[in-house]
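Colleague: Residue numbers (the working numbering), protein chains in the order written: chain A, 1 to 369; chain B, 370 to 914; chain C, 915 to 1238; chain D, 1239 to 1541.
Where hints are given, some of them may not hold.
[Claimed, not checked] From the derived model, a few chain D residues whose C-beta atoms are all more than 10 Å from chain A:
1. A1325
2. G1333
3. L1339
4. G1371
5. H1374
6. A1391
7. E1423
[Claimed, not checked] Computed footprint of chain B on chain A; a stretch qualifies when at least three of its residues, placed anywhere within it, have a C-beta under 8 Å from a C-beta of chain B:
8. 170-181
9. 297-311
[Unchecked claim] Residues on chain D that point at chain A, a partial pick, calculated with CB under 10 Å:
10. G1353
11. A1512
12. T1520
It should be emphasised that the hints constitute simulated quantities derived from the structure, not laboratory data.
Don't be surprised by glycine CBs; every beta carbon is placed ideally from N, CA and C.
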Amino acid sequence: MSAVRLGSLARGRAAALGPLGRSAPAVLAVAGALVVTTLVMLVVGVDPSDAYPALIRGAVADGNLEYTIGAFVPTLGMALAFAIPLRTGEFNLGGDGQMALGGVAAAALALRVPLPPGVAVALPLVVAALTGAVVAGISAPLHTRFGIPAIVTTLLVSTPAVALSSYLVRFPLAEPRTGIAETPLLPDAAHLPAIGASGYVTIGLPLILLLTAGWIYVDRRTVAGYEIRATGANREFARYGGVRVDRLAVVTMAGGGAFAGLVGGLIVLGPPFRFVDGALTAPGYTFTAIAAVLLATGRPIAVPFTVALMTILQVGGEGMERDAGVPSQLTQVIQGLVIVIVAALATTRVLRERRARRAQEIDVGEANA
Amino acid sequence: MPTGGDSEAPAAELVGITKRFGPVVANDGIDLAIRRGEIHGVVGENGAGKSTLMSILYGLRRPDSGHVLRNGTRVRLRSPAEAIGHGLGMVHQRFRLFPDLTVAENIVIGAEPTRRGVVDLAAAGREIERLGEVFGLYVDPASRAGRLPVGVRQRVEILKALYREAEVLILDEPTAVLTPGEAARLFDVLKTVTRTGTSVVLVTHKLSEVLTATDRVTVLRRGRVTGRFVTAETTADELVIAMIGRSLGPPRRPAAPDGEPDGTPAGRPYALEVDGLTVLDRDGVPRLSDVSFGVRPGEIVGIAGVAGSGQRELIDTVTGLRPPGSATSGGVLLSGRPVRRGREPAIAYVPEDRHGRATAATMSLAENLVMGDHRTPALRGRAGLSAAAVRERARTLVERFAIRAASVGDPISALSGGNAQKAVLARELSRGTPVIVVEEPTQGVDVGAQEQIHGLLSEARAAGQAVLLQSSELSELRALADRILVMFEGRVVAELAGDEATEERLGAAMTGATATPGQAAPAAETESSATAREQGPADAKGTTR
Amino acid sequence: ACGGDSTGPAAASASTKSIILITPNPVGTDSFLQLGVKGAQETAKEIGASFKLYESKDPTSIAQNVDAAVRAKPTVIVGISFSFDDVFTTVPKQHPGQSFLEIDSCPKAQAPNLTCVSFKEHEAAYLAGVEAGLLSKSGKLGVVAALDSPFIHRWIDPFFAGAASVNPKATGTPLFVGGSNPFSDPARAKSQAQTLIGRGVDVIEAAASGGNQGVFEAAAAAGAKAFGVDVDQCPQSPGNVIDNVIKHVDVAEAAAIKDIAAGKAGGVKVYGLAEDGVGVNALDTDLTSSKCAVAASPDVIAKVKQVRDDIVAGKITVADPLAG
Amino acid sequence: MNILELTFVASVLTATTPVVLAALGGLLCSVSGVFNMALEGQMLWGAFTAVSFSHLTGSAWWGVAGGVAATALYSAVLSVLAVTFRADPVVIAVGMNLLALGLTAFLMRQILGVGGTYTSPDLHGLPTLAGMGLDHVPVIGPVLGSQSPLVPAAFVLVAATAWWLRRTRSGLRLRGIGQHPEAAESLGLKVGAYRHGAVLAAGALCGLAGAQLALGNVTLFSEGMSAGRGWVAVVAVMLGGVRPLRVLSACLLFGVAEALGFRLQGAGLPQQLADAAPYVITLLALILAGAAGRRRRTPLETA
Ligand SMILES: Nc1ncnc2c1ncn2[C@@H]1O[C@H](COP(=O)(O)OP(=O)(O)OP(=O)(O)O)[C@@H](O)[C@H]1O
Ligand SMILES: Nc1ncnc2c1ncn2[C@@H]1O[C@H](COP(=O)(O)OP(=O)(O)OP(=O)(O)O)[C@@H](O)[C@H]1O
Ligand SMILES: [Mg+2]
Ligand SMILES: [Mg+2]
């Protein structure tokens, strides 16, 4: 099975950890992407001097910032869903299913069980996270007990999970007399408290930022983080060091799934305050997030920034469509190009090696030679 | 055979080779001539530049300056392909076999005989057999490389080079992972090979091998040649001085633990006790049968035995690392209590597999140095694992154990083999556990470091720690161990006191001669049991004949 | 005719008129959305207004696009489909000076500055069913639809009901494309159609959006017949498509936009057979020039016209699956 | 009923052929040691270019040729960046899949002049085997009659690839390179060149997959019409590893499960659950295989 190779892939990636602040290649990458994108625009007759301001406006100005934040929150959550298991070398490609079932669970609870204020928001979120954790968690024993790599099982479980959520909102949880498969509007008490006027910036933002900070802290500064990184770097080494790697695999897989489930809950409890079939998966948070995490080349601290970059591209891209008349297909072209180019420059091994060589200068141990 | 240039010229000659890695000068103006038909030893400390020099000779790396002559003619070696074309062949220390390909495929790949576009494995098989006959290297062309015991794998590696008509064969630390029997047969093969005019370059850390197997020796130190010797006219001491700039102290038995009136720890209770231990593998085949022994504080107990005699299972069970899924009976007691499954924290353990188990290549030296101890309160910061404390501990260990490293923040893969090994020892010995289990502590490690490591083990013994030492170096066992247990087919078949354990007695016990008289020759034994270990008896097919 | 004429639409119409159309999804293969875009575009040209299309990708981007449209202060903001129900419940109330138009649905609480246009596509589907019931030899009908969602049942249930009204023994089987791109998977749609044909179905209604052509191909290869939806799809597979369940989105849209531009906003305009907002090609006068197979069966056409009249007259009531 | 079973087989073959072709490409990459997750985008690109070339030349076979060539060219992005520059192949693939989606939709309007779905009576699809005179052969006639020649060709290609990998010089070298690139390099094999070859060949196969999808299964192009088939191919490669016949079995298992799900829909199974069926069945098969293989597994230990 190709597990062997995939494993080394993960190891290589989880390996590329390093201290902060080596952002030069990232900057270079973005610059390179800009150049190529500009060329594409010129070729198809879009004026870059209209398009770029429109992109920025579409992402951060004119009241669009709230929508960018609205997309940043789930993307960051999904990034963690992928990044946490990745630290132990496991690929979670099943974010969609974990998110969708988490969302359905949150919606079902909010609709069916009357809850006091406060609890009406918190409990569905907790249940959403737990649901996501369970959906993702099954992949760990499937790997450790049956030898099926998580990259396969997460992908295989995802589609049925999405289908199940779709079935649930189509039948048992459906809003009657409406065209789409969607749940009824959730009760007011279950609406995420908004920050600001629009309703799109909710307490989801501080929540996810806090959790991200928590993850970065755990990863860098705690025993658990150390054990997770060691497992990703060399599973047998970790086992040798007394790390219970199988349990850790369950924990990190479920931890990732919890974030995906939480994202589902946050989306459903946010506007339009219901589970709309397909609405969670349509924006493609899962794969945007994966690209963002991989761009961060295994540096947790960089993840929020790469997620922000991807979100700005995505949301700003729509602004570009609206204001600069860039056709929507071209937006996709540009996003694809940016990902390819940024990846080419930022994750290139050749470049990384050169960087590593430069870092190798200090001479501490020579004294005892 | 192609012969360019005049026949008096060396088969291969490296002239003024310099190679830098950033600030490190790995090779500094090295000259080295290899004569036709000789075995030329290359020795030196860890990091002296041996592997780098060999990789230049084999076209894997290009020198910053200097060049290579073949039969007196300057050749360009920009890739292994070109080196192969010039009759060079290399056996790397870490074998480079394709695990899922057959032996025949492994040997011919890149130079396949074909018939109408199809790889002619029959022809390949015939050629492999012929080579086997000429050089005494027998392997089954149809078996899968990934399932072969190490000794056989190495023969495949050599066959790979010979098949390509290599006239200069480079071997980088070929015996580091071989048992003494396997090593002896390797040298027989090399002797045979040189008889056809092929030259051999042998990189090794084992002086005994240098003295018995080579014709001439070149010593490297810090990237320079510090000595050239004709083997017959030199001594181990001379070589060591060239290597490390001083001679080794006299070999000494470790001192008795302090404060032990009669000089033996015999009266103390066992720190580690193995009692009637039997282990079955998943197929229900016994890997250990009724093994019992004990190790007292301040005692070093050695484990000898050919590979696959149960050492792996024994040590994995003692340390708690044996993966679940196999049945055991009997027990392992640690000061009277059973060991914990998963990993027993009160036993320090230096594994044989430095890359696969003992270190995580991509993690920093500092992070590698705390593994296993990472839960101790001493490393706790205000909340969580204190990075400063981790670094601090690493610096202390680097200093105390004289580990040569650029920075404790660098990945451990940047350390030379010997220094990585010292790092592992430093980590485990510094934990102050009552019991230490050590496997192959000096494998691939230079003589200076060997001496140091032996010193460390003796110190541990003197400090009252109980040491279980598994090694395939009989001299190491004899020098260090108070008692030596010999394992054969999952049983302890002999127990010898350190001073009564001669190579002969050990060797005889290792082949099961004492347990089952009339066993076959050591050679056959080594292989069949090693084979059994790696592929399980169910699908053990003949890999040798 | 709502408050704030002097600031909003009127001000805009004084200078230049403009229309912003927002779709719930990328237009892509969706013939319904394509027609909606075409209608708005042509109306804009007709009344001399500028036209902009905002394609949304998900509920959040719908809201964002509506916000952006509100900032642009056009003559009218058009939203297509029920996906706008939530946003158009709140936003028009916050911007009373702005005119909104929702096509194909209407929120329960309708603001006065929101105009709604909706269709009784089930009436047209019923007519298609009548044709299918009359033309099927086996009496076995099928529908290949994109997804099993309530809205899509508006094309399925009345279709079978129409067939049953003329052939009590007619049976109907719906199959759904599903998968990861249900609205644009012609290969899967074709395969579903073949499955139906394998079971003896000889008339299939294609409600699979971008997959419809796959259904037509399957029908053509097996000598079965098909129905298209939304637009005239007969030319795509001449002779194999009997007729189409048509929704004159463009016509209804044009009328509504013109009304709004003229200051007549608000209310719900329902387009059914009576209003000529939905229909089948068989009702067209220039049917002979179309490539629809039904043209060869004058008796069927006559029956369809009669049923149409009965529906318009209220003699026949077509059940709306969404009303149940 | 016999006929019913034969049409079932036929529908499985039709549905599976594009997946098989793409998976075969993925397999080549996997054998060479490159993880190719861009099959979805490449198949879509292949479908689009095949239709465009068919549209422009008026010949289905030129369409196929054009699709194959253009997709091989497209896959050069992956080959250059991931093999030469060793960039992360997964991120590159995420970008390439997105790029293909946008680029096909954009160029469709430029080249074919429409958005959404392009179909025209003038667009030439691949001939059927029946049309080529094979309809009277028993079994083959009923099962394959309505299929394009690429359907049997795909299965022949799998067998040929299996043979090629096993028996030929280049096949052996490719296998070696994937297993242990350093070892291959130290034997003088050109690791990069073989990997480039594998990735480009995968592109060509995805082009063929796209051509079969758009000119064989149907005769049209529709935005996003690869509809997840490339992902199924990726999963099949993950399951089958480097073994062509296992990859083929994975594709067929999936295809049969999917066709069964279709049929169960007719029997009242909700569409959403029918959608899940192939994934659930594949997963169960894997678990059973895993449970059975657990005892036999030997650790793959490299020298
Ligand atoms: N790729 C590399 N990058 C940086 N430094 C290197 C590299 N390869 C070798 N070195 C350094 O060059 C020096 C010589 O290394 P080399 O591997 O040749 O030593 P060696 O004599 O083979 O050691 P050992 O006995 O441990 O095998 C060491 O200091 C090593 O750290
Ligand atoms: N990227 C690198 N950076 C720094 N040093 C390196 C690097 N790669 C290799 N080296 C050095 O070169 C050596 C590699 O040579 P070789 O393959 O002979 O391993 P080795 O030193 O013999 O290790 P071992 O004996 O443990 O297998 C390493 O030990 C290390 O010192
Ligand atoms: Mg070396
Ligand atoms: Mg070494």
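Colleague: Could you work out which earlier hints the structure fails to respect and list their numbers in ascending sequence?
Modeller: Failing hints, ascending: 1, 2, 3, 8, 9.
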